[in-house]
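K.L.:
So you can see what is in the structure, the chains are spelled out below.
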Amino acid sequence: MISRGWRMAAVATLVVVLVVFLTPYIWIFLTSFKTRLDALADVPVWAFTPTFEHYPKIFIDKGYLPLVWNSLFVAISSTLLSLTVGTPAAYVFARYDFPGKEDLFFFFLTTRMAPPISIVVPMFLLFSVLGLTDKPIAVILAHTTFNVSLVVWMMRGFFADIPREIDEAAMMDGHTRGGTFLKVLLPLAAPGMAATAVLCFILSWNEFLYAFILVAFEGRTLTVGIPGLVTPHGTLWGQVAAVAVVATLPILLFTFLVQKHLVRGMTFGAVKG
Amino acid sequence: MGAVLDRGTAPLLLVPSVILLLVILVGPFFYMVWTGFTDLHYALPGRDGSFVGFDNFRRLMQEDQIFWKSFLLTMKFVFWVVTIEFILGFALAMLLFHYIRQHRFILTLLLVPMMLAPVAVGLIWKLLLQGDLGMVTYYMRLIGIIDLRTAVMSNASLVMPAIMMIDVWQWTPFVTLVMLAGLLSLPKEPFEAAVMDGAGPVQVFRDVTLPLLRPIIALVMLLRGIDAFKEFDKVFILTGGGPGIATEMLSIYTFRINFKNWDLGYGAVSAFMVYLVVLIMCSIFYKAVYWNEGRAKPPKAGKS
Amino acid sequence: MKNGSLLGKARQSALLATALGVAALGSTDALAWSLEEAAAPYKGTTIRTVGEALPPLEAMDKLKSQFEERTGIKVVIEMYEHSEAVNKVMLDLNSKRGRYDFILQPHRELGRFVKSGHLESLEKYLNDTKLRDPSFKPEEQLYQGLWKEISWYEGKIYGFPFTALTMYMWYRDDLLNDPKEKSGFKAKYGYDLKPATNWKEYTDIAQWFTRPEKGFYGTAIQGKRHEALWYEWLNFLYSFGGDMLDTKSGSECGPVIVNSPEAVASLEYYKSLMAYSPADTLNYTWDDVMALMQQGKVYELIMWNDATYAVAEDRDASTVAGKMGFDLVPQGKGGKVGQVEGWTYLVPAYSKNKEAAYLFIQWMMEKSQQLNQHLNGGASARPDVYAHPDVQKISYSKASMDTNAVAKPKPTIPESPQITDILVRELSSYLSDAKGAQEALDTAAVEMSKLLGSCAPLKYPVQ
Chain H
13 MISRGWRMAA
23 VATLVVVLVV
33 FLTPYIWIFL
43 TSFKTRLDAL
53 ADVPVWAFTP
63 TFEHYPKIFI
73 DKGYLPLVWN
83 SLFVAISSTL
93 LSLTVGTPAA
103 YVFARYDFPG
113 KEDLFFFFLT
123 TRMAPPISIV
133 VPMFLLFSVL
143 GLTDKPIAVI
153 LAHTTFNVSL
163 VVWMMRGFFA
173 DIPREIDEAA
183 MMDGHTRGGT
193 FLKVLLPLAA
203 PGMAATAVLC
213 FILSWNEFLY
223 AFILVAFEGR
233 TLTVGIPGLV
243 TPHGTLWGQV
253 AAVAVVATLP
263 ILLFTFLVQK
273 HLVRGMTFGA
283 VKG
Chain R
8 MGAVLDRGTA
18 PLLLVPSVIL
28 LLVILVGPFF
38 YMVWTGFTDL
48 HYALPGRDGS
58 FVGFDNFRRL
68 MQEDQIFWKS
78 FLLTMKFVFW
88 VVTIEFILGF
98 ALAMLLFHYI
108 RQHRFILTLL
118 LVPMMLAPVA
128 VGLIWKLLLQ
138 GDLGMVTYYM
148 RLIGIIDLRT
158 AVMSNASLVM
168 PAIMMIDVWQ
178 WTPFVTLVML
188 AGLLSLPKEP
198 FEAAVMDGAG
208 PVQVFRDVTL
218 PLLRPIIALV
228 MLLRGIDAFK
238 EFDKVFILTG
248 GGPGIATEML
258 SIYTFRINFK
268 NWDLGYGAVS
278 AFMVYLVVLI
288 MCSIFYKAVY
298 WNEGRAKPPK
308 AGKS
Chain S
5 MKNGSLLGKA
15 RQSALLATAL
25 GVAALGSTDA
35 LAWSLEEAAA
45 PYKGTTIRTV
55 GEALPPLEAM
65 DKLKSQFEER
75 TGIKVVIEMY
85 EHSEAVNKVM
95 LDLNSKRGRY
105 DFILQPHREL
115 GRFVKSGHLE
125 SLEKYLNDTK
135 LRDPSFKPEE
145 QLYQGLWKEI
155 SWYEGKIYGF
165 PFTALTMYMW
175 YRDDLLNDPK
185 EKSGFKAKYG
195 YDLKPATNWK
205 EYTDIAQWFT
215 RPEKGFYGTA
225 IQGKRHEALW
235 YEWLNFLYSF
245 GGDMLDTKSG
255 SECGPVIVNS
265 PEAVASLEYY
275 KSLMAYSPAD
285 TLNYTWDDVM
295 ALMQQGKVYE
305 LIMWNDATYA
315 VAEDRDASTV
325 AGKMGFDLVP
335 QGKGGKVGQV
345 EGWTYLVPAY
355 SKNKEAAYLF
365 IQWMMEKSQQ
375 LNQHLNGGAS
385 ARPDVYAHPD
395 VQKISYSKAS
405 MDTNAVAKPK
415 PTIPESPQIT
425 DILVRELSSY
435 LSDAKGAQEA
445 LDTAAVEMSK
455 LLGSCAPLKY
465 PVQ
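In order, the protein sequences belong to chains H, R and S. This note's numbering numbers the first residue of the first sequence as 13 and each following residue consecutively. This note's numbering numbers the first residue of the second sequence as 8 and each following residue consecutively. This note's numbering numbers the first residue of the third sequence as 5 and each following residue consecutively.
Take the hints with a grain of salt, since some may be wrong.
Straight-line C-alpha distance at most 25 Å; calculated BS3-like pairs for lysine-lysine [to be verified]:
id	chain 1	residue 1	chain 2	residue 2
1	R	294	H	113
2	H	272	R	195
3	S	152	S	128
4	S	439	R	76
5	H	284	R	294
6	S	78	H	147
7	S	160	S	128
8	R	83	S	439
9	S	92	H	74
10	R	76	S	454
11	H	46	S	301
12	H	74	S	66
13	H	147	S	92
14	H	74	S	78
15	S	412	S	337
16	H	147	S	356
17	H	284	R	195
18	H	46	S	218
19	S	252	S	119
20	S	252	S	340
Label pairs and their in silico Cβ distance ranges [what the hints assert, rightly or not]:
id	chain 1	residue 1	chain 2	residue 2	range
21	R	53	H	206	53 to 63 Å
22	S	80	R	72	39 to 49 Å
23	H	65	R	22	47 to 57 Å
24	S	394	R	62	51 to 61 Å
25	S	121	R	34	20 to 30 Å
26	R	55	S	466	30 to 40 Å
27	S	321	H	230	21 to 31 Å
So the derived list for chain H, only partly shown, Cβ under 8 Å to chain S, looks like this [to be verified]:
id	residue
28	145
29	239
30	240
Hints are computed from structural coordinates only; laboratory data are not their basis. Here the structure is a predicted model, which is why all the values come from computation and not from measurement. The C-beta atom is built at its ideal place from N, Cα and C for all residues, glycine as well.
Can you build the whole structure from these sequences, using the hints too?
P.N.:
This is the structure:
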């Protein structure tokens with residue numbers, strides 16, 4: 013049915029599309045290995061002898077390395093916290109009916125969508141009253157506000173995908189309700205949970221505004237380090253690009269890991285991939 | 008369905024997550040709403056948060072032209088990016104669906120822009136569009152889109168389209184990803200029936216594909232709409248709202264009121280308006296989810 | 005540090021220093037006071053500060069270990085980009101949590117801090133014989149006008165200048181003296197190529213050197229919607245004989261004159277320089293134009309003294325080190341002008357270690373630290389630092405001092421940061437062709453007058 017000509021045209025279009033979507037990133041990647049001369053050349057340089065000086069320069073000499081650890085720490089902690097409180101909630105949503113269930117479920121959605129710009133000032137004040145500002149926990153909690161609802165929405169779908177007969181069979185085998193959840197359902201939902209975890213990690217790692225306002229100097233994450241990078245090091249493009257690469261490359265690798273569940277994650281479980 | 012598990016106590020498992028959100032998010036939210044009724048201002052002495060009723064709302068509604076300009080700008084931004092991303096993304100999904108067998112690999116490559124941190128995207132494009140040495144600037148000059156005396160980010164009439172294009176660059180793959188998932192989930196029968204009835208490709212698309220995908224289209228557009236409405240990070244890095252107020256979107260303007268002028272009472276009202284719009288879109292999204300589950304999904308199946 | 009055998013010598017040298025009129029180590033009282041002793045009660049505490057990530061603060065970061073060794077007080081410095089440094093302080097002060105023991109802030113913030121009760125007046129510490137180093141005499145050792153303008157508010161002392169900033173003209177001295185440029189310029193404009201003293205010459209020279217095809221420009225304006233734009237335009241405004249408010253000092257409120265004919269003329273002139281600036285000039289701040297100069301891509305700028313070092317002296321960073329010339333901002337109706345801007349040491353009322361913070365500030369104000377900081381890119385407020393031979397050798401010292409002498413104060417009233425924000429927005433709107441010059445300044449004037457209230461009527465009514 014599909015002619016050869018059409019297929020060729022389709023492939024050609026795709027190649028163009030891929031070039032458009034990938035070139036900017038590839039360019040930045042290349043820039044992070046360019047000498048100053050190559051980076052600031054009047055005509056874009058595509059082939060060059062790479063230099064590896066920018067990475068140690070910016071991450072070690074200029075002290076950006078701790079920002080990587082901070083980002084990691086915040087993202088991992090927020091992910092664990094969100095999974096811990098979110099997974100049981102998702103399970104309840106998937107298996108029980110109770111009054112106000114739909115409203116509560118909607119509530120979780122709104123917390124995910126809440127614009128940080130609206131919340132960040134009062135949140136800062138709350139944390140300063142609680143004495144939590146300047147501690148990583150402030151950002152971790154802030155990121156948990158959107159991650160926990162992501163967990164609830166995604167995991168609810170994964171639990172719902174498990175037939176109820178499995179619960180019943182497990183109970184017949186003498187598991188308690190808690191045991192059924194922990195020993196039978198959780199392992200079954202584990203792949204989904206892993207995907208959820210990775211998405212939580214990515215969202216936290218990429219988040220900017222909460223971190224920008226809430227973190228202390230010592231706790232700055234990579235995204236928070238980026239605006240400061242643009243100005244004083246304005247012409248050190250190699251270093252700027254090196255930060256951009258480090259801030260993004262791990263995420264890309266992660267993405268490929270969870271690609272199967274990405275659709276579900278990015279649409280709050282509304283569309284299944 | 009029998010009550011396999013105890014209805015009475017199980018909802019207690021919701022408590023930790025709900026408490027967490029109530030304390031960290033809902034509490035601050037209501038505090039913000041309260042602040043909107045006060046004159047709280049961090050920078051001016053004597054403005055210590057006394058109750059002023061609806062003064063801030065009145066000011067926003069009647070006096071603040073910049074707010075409404077940025078509201079309009081944000082709406083334009085949302086309209087254009089959602090439209091363009093949808094058309095491009097859907098077209099791309101159709102292309103992958105119909106013509107390419109190894110679409111999974113290609114999809115993986117396409118995902119790159121959307122997974123990057125938005126601030127990193129801002130940073131990347133700042134370098135690319137830099138007016139003297141930016142790579143994209145260079146090629147734009149080479150093909151003659153702009154001349155030597157023009158730089159995209161410094162030009163009030165080019166800067167907003169540029170930011171839209173950057174958003175399109177970042178988020179079109181998302182639309183493709185979701186639409187492709189939608190296409191793959193469609194049942195085969197209606198298509199076969201339509202072809203049997205002698206429908207051409209255009210008719211099939213119009214009469215079968217589109218109606219079946221309608222809920223997913225609604226979902227994807229709403230999700231993009233909500234995110235686009237909240238857009239902050241990229242613009243913050245790229246222009247900070249300038250030149251003039253050419254890129255002062257609602258979230259940037261709200262940031263300015265709060266973190267430049269420290270007019271928190273007024274800033275709360277502005278923030279609330281952002282929240283309100285998001286909330287409305289959010290509830291439509293919620294309805295769309297059910298619409299999607301009710302129609303596009305077979306009754307009950309355990310596939311991922 | 006000093007023991008008995010040195011006393012006599014110290015006394016002698018102190019006398020000598022006084023006789024020479026140079027502020028020095030101290031008088032006889034100094035012997036009774038020592039930093040170690042004064043700091044003993046605070047040993048083991050940590051004091052924390054915050055400021056803008058620029059060479060003067062980096063210099064302080066290197067110096068602080070000497071203080072730490074002598075006192076056992078640890079000093080932690082947080083360095084941020086300009087507006088982030090202001091944000092962090094605003095949040096800290098308003099939450100009253102007292103994270104910072106002293107802060108470094110631009111002086112236009114002073115009014116709102118003082119009026120909101122966020123700052124501790126330092127008079128208490130200056131009068132405390134246990135803390136005050138008798139050899140520290142700010143009333144003699146600092147530029148008085150400058151100190152009062154940037155660190156005093158309504159007659160009270162809140163701090164000491166961290167950097168005495170000002171702006172002046174930067175130009176490429178090597179190109180100016182190039183015979184080919186000289187003859188070419190003269191042939192075209194009919195007068196000799198020399199550093200511009202008025203705005204017509206400034207334009208002519210900018211036009212002459214603008215060679216876009218070679219990637220070289222006559223000038224570059226800091227046109228991004230950012231504080232930098234406002235600061236830069238002030239030089240033009242003052243030079244054209246205008247001002248923002250009709251006042252004598254920064255802490256006064258007065259009639260709004262920002263839409264005067266002089267102001268409009270200055271703004272129109274300012275924009276005319278876009279023709280000789282790179283295409284991206286509306287995206288530039290001080291960092292970008294500094295980088296442009298470092299790379300040898302621009303002939304002349306109106307720029308900051310604290311960025312001069314990185315361009316004129318720092319051979320690692322700059323391709324034009326040793327090739328730069330500096331002079332006062334060109335003159336218009338307003339005559340010789342400059343602007344006072346300073347970052348100042350301040351102590352928040354909520355600090356838990358105010359005494360230790362005071363000791364550190366006092367120590368930083370000593371001549372040797374000031375000299376070190378100045379030579380590494382700072383801008384000291386001590387005249388004796390400028391008298392030092394090493395400083396005299398620096399290519400920009402003269403321009404810096406000349407400008408300081410004619411510098412005009414700017415508002416430090418609580419509303420001043422908001423005035424800045426309004427003007428930045430309107431200036432940027434004009435530069436990007438969204439508004440006319442008169443319209444932009446009228447809008448700003450009306451908003452400023454409304455913000456300030458009855459003390460600030462419009463002097464030039466808006467139709």
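K.L.:
So which of those numbered hints doesn't the model satisfy?
P.N.:
Of the numbered hints, all hold.
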